[in-house]
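Protein chains in written order, with my numbering: chain A, 313 to 427; chain B, 11 to 260.
Hints listed in this document are in silico derivations from the structure and should not be mistaken for laboratory results. Some hints here could point you the wrong way.
Cut-off 30 Å, straight-line C-alpha distance, at most; resulting in silico cross-link-like pairs (DSS-like, lysine-lysine) [claimed, not checked]:
| no. | chain 1 | residue 1 | chain 2 | residue 2 |
| --- | --- | --- | --- | --- |
| 1 | B | 238 | B | 20 |
| 2 | B | 20 | B | 35 |
| 3 | A | 396 | A | 340 |
| 4 | A | 344 | B | 238 |
| 5 | B | 238 | B | 174 |
| 6 | B | 238 | B | 35 |
| 7 | A | 340 | B | 20 |
| 8 | B | 119 | B | 238 |
| 9 | A | 396 | B | 174 |
| 10 | A | 396 | A | 344 |
| 11 | B | 35 | B | 117 |
| 12 | B | 117 | B | 238 |
| 13 | A | 340 | B | 119 |
| 14 | B | 117 | A | 340 |
| 15 | B | 35 | A | 396 |
| 16 | B | 124 | A | 344 |
| 17 | A | 344 | B | 35 |
| 18 | B | 124 | B | 20 |
| 19 | B | 238 | A | 340 |
| 20 | B | 20 | A | 396 |
| 21 | B | 35 | B | 124 |
| 22 | A | 340 | B | 35 |
| 23 | B | 238 | A | 396 |
| 24 | A | 344 | B | 20 |
| 25 | B | 117 | A | 396 |
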Amino acid sequence: MSNEHHHAAEGEYIPETYIPHPETHGTKTLWKVFFILLFITIIDFAIYFIAPAGLGRNIVFVALGLVKAVLIVGIFMHLNYEAKFLRWMIALPAAVFISYLAWLLLLEGSFVSTY
Amino acid sequence: MSNSATISPKLWAGGRSPFNVSYGKLMMWVFLLSDAFTFSSLLVGYGAIRFSYSGSSTPWPDPSAIFNHFPGFHGFYLPLLFVSLMTFILIGSSVTMVLAVEAGHRKSKAEVSKYMILTIIGGAAFLGCQAWEWSQFIHEGGRLDTNNFGITAQGYTHLHEAGKFGNHFEWMAGDRQPGPVPFASLFFIVTGFHGFHVLSGVIINIIIWLNVIRGTYERRGHYEMVEKVGLYWHFVDLVWVFVFTFYYLI
Chain A
313 MSNEHHHAAE GEYIPETYIP HPETHGTKTL WKVFFILLFI TIIDFAIYFI APAGLGRNIV
373 FVALGLVKAV LIVGIFMHLN YEAKFLRWMI ALPAAVFISY LAWLLLLEGS FVSTY
Chain B
11 MSNSATISPK LWAGGRSPFN VSYGKLMMWV FLLSDAFTFS SLLVGYGAIR FSYSGSSTPW
71 PDPSAIFNHF PGFHGFYLPL LFVSLMTFIL IGSSVTMVLA VEAGHRKSKA EVSKYMILTI
131 IGGAAFLGCQ AWEWSQFIHE GGRLDTNNFG ITAQGYTHLH EAGKFGNHFE WMAGDRQPGP
191 VPFASLFFIV TGFHGFHVLS GVIINIIIWL NVIRGTYERR GHYEMVEKVG LYWHFVDLVW
251 VFVFTFYYLI
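With the rest of the complex left out, here is chain A:
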């Protein structure tokens, strides 16, 4: 096992100062993601004026927002390329707790409106 850190002895692992060797994936994917994000925003803009306001349109907006989020976190924040444990440690709690909170509180909000 090669160690990139200069202060550590060869093969010695120091948690506080360990830096893995950076891997570069080139800029092609990054520009592609940039143009996809731009395109989705233009689609959002178009749908806003074409489709009538309502639940269907809102679902499309949230779905497109989630696509943008996956691209930003996966490619720009590099999470797709990280170790499997790190990917799940970040993605799973966020997905589970945020959707649970949204479900509970939106239900509560709807109830308050009828009260």
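Got chain A; can you put chain B on it based on the hints?
Just chain B now, with coordinates in the frame of chain A:
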């Protein structure tokens, strides 16, 4: 080493990073996860309060009735245009940030510096846009404790007739009345909290950029600090995606 069955137990047995990241980067991810919960609480709270106004005598205002201005086009009905420009600016500064990170992997000091300057300019431009958006809303009477955008039935009829994209549009007497106060206060709190993240991101970016041009990371042998501030910067962009969706689109 090629057999995953023999690697798995060793992954957590010490002597290596199970996540194969540095301590600082792992902690940045943990911080961003907690920050994601903070922002989701604010946005879900916004959703709950908005839902609670359905069927109310003072309905939640349609965002296009309020955020329909563009600098230099006073009095024209241009909903979503300015905020889309803000989104473009932030996406643009995100791609320059990730290009700085990529240049850092190749240890190209000049390129890291160039892309970080572009990112800082993008962030500052976004903050300028947000200042304009706030001043516009405050100018029209939006306050933390006041919202004069309770659009009446007459107001919506007027908006649907005269409010065509690019048309001249002015409110008439009787179009507006005091509306739900949380609309204004949550607008200031959520966009303010996001804007404060952008501001601190710009400041941290400037500090890291100064370190880049001073050769701190060149001497250190790696540009991991650029990666860490990059994670923070992309997170700010990520939050904006949802602020844009829930405040302006829906």
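Exercise. Hint numbers the structure violates, sorted upward?
Worked result: 5, 7, 9, 18 and 24
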